[in-house]
Amino acid sequence: MAKITMREAISQALMEEMDRDPSVFIMGEEVGVWGGTYAVTKGFYDKYGAMRVKDTPIAENAIIGGAIGAAMVGQRPVAELMTINFGFSAMDYIVNQAPKLHYMFGGQFTLPLVIRAVGGGGRQLGATHSQTPDAIFAHFPGLKVVSPGTPEDAKGLLKSAIRSNDPILFIEHATMYQVRGEVPEGEYTIPIGKSKVQREGKDVTIVTYCKGLELSMKAAEELSKEGIEVEVVDLRTLRPLDMEPVIESFKKTNRAVVVEEGWKSYGVGSEIVSRIYEEAFDYVDAPIIRVAQKEVPLPYNRTLEQAALPQVHDITAAVKEVLK
Amino acid sequence: MKKEQQIDLYYQMVLIRRLEERGAELYQQGKIGGFMHLYIGQEAVSTGLIAAREPRDRVITAYRDHGVALNCGISANEVMAELLGKATGMSKGKGGSMHMADTSKNMWGGHAIVGGHLPIASGFAIGDQYAGNDNITICMFGDGATNIGYFHEALNIAKTWGLRVLWVCENNQYGMGTAVDRASAVTDIRQKAEGYGMKNGQVDGMDVLKVYDAAKDALDYVRKNSQPYLLEIDTYRFRGHSMGDPERYRKAEEVKKWQENDPIGIFNKQLLEKKVATAKVLDEIEARVEEEIAKAVEFAEASPEPAAEELYSDIYAD
Ligand SMILES: Cc1ncc(C[n+]2csc(CCOP(=O)(O)OP(=O)(O)O)c2C)c(N)n1
Ligand SMILES: [Mg+2]
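If you're matching them up, the sequences are chains E and P in order.
Position 321, counted from 1, in the first sequence is what our numbering calls 627; the numbers after and before it change by one each time, with no gaps.
Position 267, counted from 1, in the second sequence is what our numbering calls 273; the numbers after and before it change by one each time, with no gaps.
Looking at chain E on its own, in the form it has when it is part of the complex:
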């Protein structure tokens, strides 16, 4: 096992897949000469050249629409949205075209397409540049939505995504590129659509993903010092959603907290809580609590922004609340 950063993990996945399969190429804003706004594709342009590492104009519809077209005719493009917020400029392609084209034409078209997008708040970028709108995208059947929380998962899931024949939105978090973690040596993939228990515990189940995982693991450590053992289930993929490890864990703990960075209303937590009530109502010992972003557009001011984002102490408080 080697310990690498999230940035290195994603970079390695891209490079390994590009080396393995010549139909894989990258297109996006500043992915080439600049080396990626978050330095994920640093060195790629020199290694693979302009044909495989395409610096695009600032034109999100041309990027996503173009990647869809290239995928339909047999290539495996990895399109990059500099941030997921710019995905709204190409919303028609992401939610109204990519998820439909296979189904609507009776399976004739396939879209082996990955859209990598950087999401998340906490960097004082203001309301239009700081969103965690994952739930919106996960609403659409036909699109797969992956959002890893560890370097190991990021690498293995991205490799699977690139090999998949479906359109996949792969959401990374802007504040997590320096997160370090163990990854297996050599070749491996991780299947899309499988949740994973990242920490075992008997008292409360925390269901989360991506940034929420980082926060929840910290909360779990703090709680452990107080004798509370939480089990942390990482969704990793939001669609298709794998509830099995969640339900299994919940049947053991009978109490749950759902943690996400996005807004609470109509969010990932809303879905998870409903599913638990639908699938394991008899096991519920306490109302399930959602920890999420305050219902405001994110402000620039650092103190206000942090007040709006879910924090470790919000999670520990919620866990104690469900244990009451």
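You may find that some hints are simply not true.
Within a straight-line C-alpha distance of at most 30 Å, the following computed BS3-like cross-link-like pairs (lysine-lysine) qualify [claimed, not checked]:
{"#": "1", "chain 1": "P", "residue 1": "K275", "chain 2": "P", "residue 2": "K263"}
{"#": "2", "chain 1": "E", "residue 1": "K630", "chain 2": "E", "residue 2": "K531"}
{"#": "3", "chain 1": "P", "residue 1": "K257", "chain 2": "E", "residue 2": "K348"}
{"#": "4", "chain 1": "E", "residue 1": "K406", "chain 2": "E", "residue 2": "K353"}
{"#": "5", "chain 1": "P", "residue 1": "K8", "chain 2": "P", "residue 2": "K281"}
{"#": "6", "chain 1": "P", "residue 1": "K286", "chain 2": "E", "residue 2": "K348"}
{"#": "7", "chain 1": "E", "residue 1": "K531", "chain 2": "E", "residue 2": "K570"}
{"#": "8", "chain 1": "E", "residue 1": "K353", "chain 2": "P", "residue 2": "K257"}
{"#": "9", "chain 1": "P", "residue 1": "K281", "chain 2": "P", "residue 2": "K230"}
{"#": "10", "chain 1": "P", "residue 1": "K257", "chain 2": "P", "residue 2": "K9"}
{"#": "11", "chain 1": "P", "residue 1": "K281", "chain 2": "E", "residue 2": "K600"}
{"#": "12", "chain 1": "P", "residue 1": "K286", "chain 2": "P", "residue 2": "K216"}
{"#": "13", "chain 1": "P", "residue 1": "K262", "chain 2": "E", "residue 2": "K348"}
{"#": "14", "chain 1": "P", "residue 1": "K216", "chain 2": "P", "residue 2": "K205"}
{"#": "15", "chain 1": "E", "residue 1": "K600", "chain 2": "E", "residue 2": "K570"}
{"#": "16", "chain 1": "E", "residue 1": "K524", "chain 2": "E", "residue 2": "K626"}
{"#": "17", "chain 1": "E", "residue 1": "K524", "chain 2": "E", "residue 2": "K406"}
{"#": "18", "chain 1": "E", "residue 1": "K524", "chain 2": "P", "residue 2": "K263"}
In short, the hints are calculated from the structure, not lab data.
It should be emphasised that the depicted structure is a prediction, and the values quoted were computed from it without experimental measurement.
Fit chain P with the ligands to the given chain E structure using the hints.
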């Protein structure tokens, strides 16, 4: 142009330059966060342009907006306070560097989605046309913004409906790290107006008086004819795209060459040569700006943080 006005333009350019230099220091100290895009090198563009407007003309721009805010008459105090995220900023500390606006000064904002404000500018003109006035909307954007669909939709509707918009492309040669010829099918941005049958022009953006004259003519045309106009202003940003740009995409010699064309240096020389101002007058401006910036920093640092309740204010108007 009258002597006093020329000297005032010089003052505005120096004010922008020094405020941003100070801003960069404060950013390094961690007192300013998020994205901050400096206007250094481009001061002549908005200074000349906005000097040519009538007070009733609206201005809207992208995130590179500190200079535009100052030219529109927003105080250095407020700009600095917004940069520091303080309650006394014009956006109450909730917008930051990229989101400066003051409708009382007809400054309708810095906007951070590339090209996103162009259809909104058309919308201002639709509103003004509907109201039956002859206000002009001056919409500023970068070269990179002319490659996104928003630009084309906005220009098309403006020409089709005879909207009073002065489209101003600040061609600073790059959109982030991508040179114009790597992202745009034509490198003379003004050519893009031709496809919409829109009158257009081009001017050297390092010479504030040339910018002023070109803007005056363009505004006259727009007002009289009730037609949009695209003005390309060629310029260069001396600093990185935003703070922390490694600038791997351009050579130091290229930057140096443009810096020899420093718009403030050029104007300084013009003012002296044409005897519009003495060296003493220009030195006094430096001193005055220095003091103004020092006071602005003091004001911003002493200003309160937004109150915790502010998190929930202004989400809705009703
Ligand atoms: C829709 C959208 N895509 C991408 C970005 C990221 N981005 C911010 S500024 C910028 C470059 C813009 O270049 P240009 O229009 O030339 O303006 P300049 O920064 O040179 O003033 C990019 C790609 C964005 N803010 N919005
Ligand atoms: Mg530019």
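If you check each hint against the structure, which ones fail?
Violated: hints 4, 6, 9, 10, 11, 17, 18.
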